[in-house]
Structure formats: C-alpha cells, structure tokens
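Protein chains: 2
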Amino acid sequence: MVKVHQFGTMQMLVESLLDGFVTAKDMLAAGNTGIGTGAGVDGELILLDGKAYQVNVDGKVQEVPADFPVVFGDVHEADYQVVDQYGKRDLKTLLKNLLAKVGTKNLFFSVKLSGNFQYVQTRSAKKSEKPYPGLGEIAKNQVVFDQKDVKGTMVGYYTPSLYEGVGVPGFHLHFLSDEKDFGGHVLEGKIESVAASVQILDGLSVQLPVANTDYQKANLNDLSHLSKVIHAAES
Amino acid sequence: MVKVHQFGTMQMLVESLLDGFVTAKDMLAAGNTGIGTGAGVDGELILLDGKAYQVNVDGKVQEVPADFPVVFGDVHEADYQVVDQYGKRDLKTLLKNLLAKVGTKNLFFSVKLSGNFQYVQTRSAKKSEKPYPGLGEIAKNQVVFDQKDVKGTMVGYYTPSLYEGVGVPGFHLHFLSDEKDFGGHVLEGKIESVAASVQILDGLSVQLPVANTDYQKANLNDLSHLSKVIHAAES
Chain A
1 MVKVHQFGTM
11 QMLVESLLDG
21 FVTAKDMLAA
31 GNTGIGTGAG
41 VDGELILLDG
51 KAYQVNVDGK
61 VQEVPADFPV
71 VFGDVHEADY
81 QVVDQYGKRD
91 LKTLLKNLLA
101 KVGTKNLFFS
111 VKLSGNFQYV
121 QTRSAKKSEK
131 PYPGLGEIAK
141 NQVVFDQKDV
151 KGTMVGYYTP
161 SLYEGVGVPG
171 FHLHFLSDEK
181 DFGGHVLEGK
191 IESVAASVQI
201 LDGLSVQLPV
211 ANTDYQKANL
221 NDLSHLSKVI
231 HAAES
Chain B
1 MVKVHQFGTM
11 QMLVESLLDG
21 FVTAKDMLAA
31 GNTGIGTGAG
41 VDGELILLDG
51 KAYQVNVDGK
61 VQEVPADFPV
71 VFGDVHEADY
81 QVVDQYGKRD
91 LKTLLKNLLA
101 KVGTKNLFFS
111 VKLSGNFQYV
121 QTRSAKKSEK
131 PYPGLGEIAK
141 NQVVFDQKDV
151 KGTMVGYYTP
161 SLYEGVGVPG
171 FHLHFLSDEK
181 DFGGHVLEGK
191 IESVAASVQI
201 LDGLSVQLPV
211 ANTDYQKANL
221 NDLSHLSKVI
231 HAAES
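Chains as they are written, first to last, in our numbering: chain A, 1 to 235; chain B, 1 to 235.
The shape of chain A in the complex, shown without the other chains (with noise of 0.2 Å):
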C-alpha cells in the first residue's frame, strides 16, 4: 500500500510561510496524481496521470513546469478501485455516501470522480510575494468560478480529524476539465453521471521545509485559533 506524501502543513499557509521549497517534479517524483498549489499560493494544481497542471487566478489551465516552485501539495500513486457510478446529486451528498461505503473516518483515501458534472464551482488564488500577507489578505485575492455541464476529473484526499492542521480534515478535492479550460479548488458540485473511485492508502508521508530560515524561525505552537482560521479558509 501507499501513503500520501505531503509537501508541506496547512499550518505553513495558515502562518504566511509561502516560499516554494519543492517543484512541480518533487511531486510526480512523488505519484502521479495529486493536489496543490504554487508558492505564495499561486493558483490551485491538480496532478493527473504523472502531469501537473495549474489553474490560475484567471482560471486558465495550463501545465508547469518541472521547475515549478510548489509550497503545498499532497500526491500518491494511482491505483485506484471504482466504488460506483452516480447519477443525478449534490457532490456533498455523493461523498457522504462514499464515507459509509469505506466505512471508517480514520484512514487516509484518496477520491477520483470522472464524468459529467451538471455543475462544479471552484475557486484559485492570485500569487502573492514576499513578504507574504496574511491568509485573509489572500482571501481576499482569491477568485470563484462556476461551470455548467462540464465533463472532467475531481480528484482528491479524505483526512481524518485528528491531522487538523497537517491537512484538511474531511475531503479536499480539485478539479480539472477534459478540456482542460476550468478548474480548481472545488467548493460545490452537481453530479450528472461519475465513475467514483477510492484508493485506501496506509497513511501520510508529510516533507517540511527543512532549509527555509523563514519555517524554522516561525513561532508555530499556538494552535488555539488554527482550526478556526483553517476551517474558515477551507469552507
């Protein structure tokens, strides 16, 4: 079995550490599908068969390059097994449904939703530079995008609660059309008709910034109002 390795913490964007300190071929080097986002939050990634592609604060797609600086990003192996197909239904109420069917909370899963979407909102973030403004500051530059009758992928990670703040408790799922014209951070969706897939992985690889001055300098151990501001950001 596999582990999803994870390039950096929640808490590091929570905190403003942004700096890159992997790229875009760290990760593939790492599995060939995945979720993340550029240093200084520079657009949302999603990793689909061993390509990294970014959708940027204007919402176009395009693939990085190797060289790409990534300062968040979770990736694995693909070997995924399809659990059912789904018609017509809220995106909540399809991954509720996928919860009970991997029937526990506390594993670590990766999700892959490919077919037709009656609807997917996203949602990608315009790069900030040093030195690096809050994470409600970066909200602020972050921009929404809606689709209708879209075919494509969503493709994501289930964490359980207890790693709040490593990574994002419940799901955390990007998307990225067939034709490669929308995508993002996905916030809502309507099912036409998906293959849903899952792949139980055994745990969770986390790397950290080793060499950044920045990280390690970095006053993290107040963790009081971390959840808050992840679940603020995340919802």
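There's no promise every hint is true.
It does not matter which identical chain is used: a pair holds within one copy or between any two.
As the list claims (entries may be wrong) - Derived EDC-like pairs: lysine to aspartate or glutamate, alpha-carbon spacing no greater than 16 Å straight-line: (1) 51 <-> 67; (2) 105 <-> 214; (3) 105 <-> 222; (4) 88 <-> 19; (5) 60 <-> 146; (6) 96 <-> 146; (7) 51 <-> 222; (8) 148 <-> 179; (9) 60 <-> 179.
By construction, these hints were calculated from the structure, which means they are not laboratory data.
Chain B: place on chain A using the hints.
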C-alpha cells in the same frame, strides 16, 4: 534526508486501540534506531544498532523476537551528528540547550545521548489484554524504576506541537543501559558526562492499522480531551 517512520498514533493509545498491527521486524525494516511499545502497551521498546529491546514491567531487558507485535513505534535510519559533550546537569537543562542549538521548534529530529548518567528514572507498563482498559487503568499498572550511576544510551525524538495526538509533542526518550539490565520510557535524568548527537529529519511518515476493524470503527473525532490525556500520560 530521512523521515521518522511512525507506526500508529498516540491517539490510538489514548483511545485503547492497543492491538499489535506490525512487528519488531517491520520496525527494523524501517530503520535501525527508535522507540515504541508492544501490543497492549507491553513494556517499552528501544531500537539501537538494528536490534529491538524490550524493557518489561519487571524492569527486565530482553531482545524481542522478529514477530513481537507492536502497537506504536517511531523509527529511523541513524545518521547522527555529534552536537556537544555535556557534563553534570539536569536532563531537562540539556534538552533545552540542545533544542536551542538545533535552532527551531518546527522540525522533527532525533536525539541520542550516550555516556554516563548520575541518575535515570524510567517507566514501563504491564501488557493489557483485550478488552483493553482505558489509559487511566493502564497508568495504574505502570512501574517506575530508578538507577544511579549508569552507563547507557538515551534515544528518541523531538516532535513539533502541531503533531500532538499523532505523536508526543516535545521530547520523547527511551533509555537502555550498556549492560542491558536497565531501561524504559525516560521520566527524569541527571547527566554525568554524555555525548549528545542530533539528526534532523525532513518529516514524519505515519503508518496506520488499515486492516484493523476496531481502529476502523472507533470514534476518533472528539479531539477535545486528547491533548489533556496525552500531557497527563506522558509527564
């Protein structure tokens, strides 16, 4: 750089999920150095130079067989750098100084102290059988050992505060005497003269008991008391 490879979580111990799900052999396959505990909190484990030793509830030290079942462990492949030689002082003072020399509270690292100790106080635990009792009951069956003027090795890990509940925030050290007649989970210590080594790790890799039904079914979403219980149990 290597990661600390962790089997299980502190949360599992807190929630009485004490089935062994890996073996001493599995631990040693992930590294030659580490700490842990057997299924049912069966004593304290210390891995040194590719061998796994158990300090049982009677204080007896023995090398464990390859199939010895393990519920929790941290292990890595040793590649330490000597940081300093320390003379007489309290263990806590030494660790504080070591942390200052490492220069960050935000990275995982391993610590190894080898030499002469004026005093070491350790703890071990009696193996619990299924149905497993709560950690309070297990704590009642813990035994504390004291030793003066002992040569040996303290080894363990520093974990950043974000990972509370996954691991033990701060330092978590086990001890083994050179004579292999004393050891356990370190509670207190006074240094006579030791060489202190550190190995910075680039992250944490957690492996969960994927196939364990009790783990799958446990309600692990109430994190409110986890921190308190861990602090009480590990102090």
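Which holds for residue 88 with residue 19 at a C-alpha limit of 16 Å: within a copy, between copies, both or neither?
neither (41 Å within a copy, 42 Å between copies)
One pair to classify: residue 60 and residue 179, alpha carbons no more than 16 Å apart. Within, between, both, or neither?
For residue 60 and residue 179, only the intra-copy Cα distance (12 Å) is at most 16 Å; the inter-copy one is 66 Å.
With 16 Å as the alpha-carbon cut-off, assign the pair residue 60 and residue 146 to within, between, both or neither.
within (13 Å within a copy, 66 Å between copies)
Homo-oligomer pair classification [residue 222, residue 51; C-alpha up to 16 Å]:
Answer is neither: 37 Å inside a copy and 38 Å across each miss the 16 Å cutoff.
At most 16 Å between alpha carbons: which applies to residue 105 and residue 214, within, between, both or neither?
Classified as between: cross-chain Cα gap 12 Å, same-chain 34 Å, threshold 16 Å.
Checking residue 105 and residue 222: alpha-carbon separation at most 16 Å within a copy, between copies, both or neither?
between (27 Å within a copy, 12 Å between copies)
Give the relationship of residue 51 and residue 67 under a CA distance limit of 16 Å: within one copy only, between copies only, both, or neither.
Only inside one copy: residue 51 and residue 67 sit 13 Å apart there, 41 Å across copies, limit 16 Å.
At most 16 Å between CA atoms: does that hold for residue 96 and residue 146 within a copy, between copies, both, or neither?
neither (23 Å within a copy, 52 Å between copies)
One pair to classify: residue 148 and residue 179, alpha carbons no more than 16 Å apart. Within, between, both, or neither?
Within. Shortest intra-copy distance 14 Å satisfies the 16 Å Cα cut-off; inter-copy 72 Å does not.
In the structure shown, a violation is registered for the earlier hints numbered 4, 6 and 7, in ascending order.
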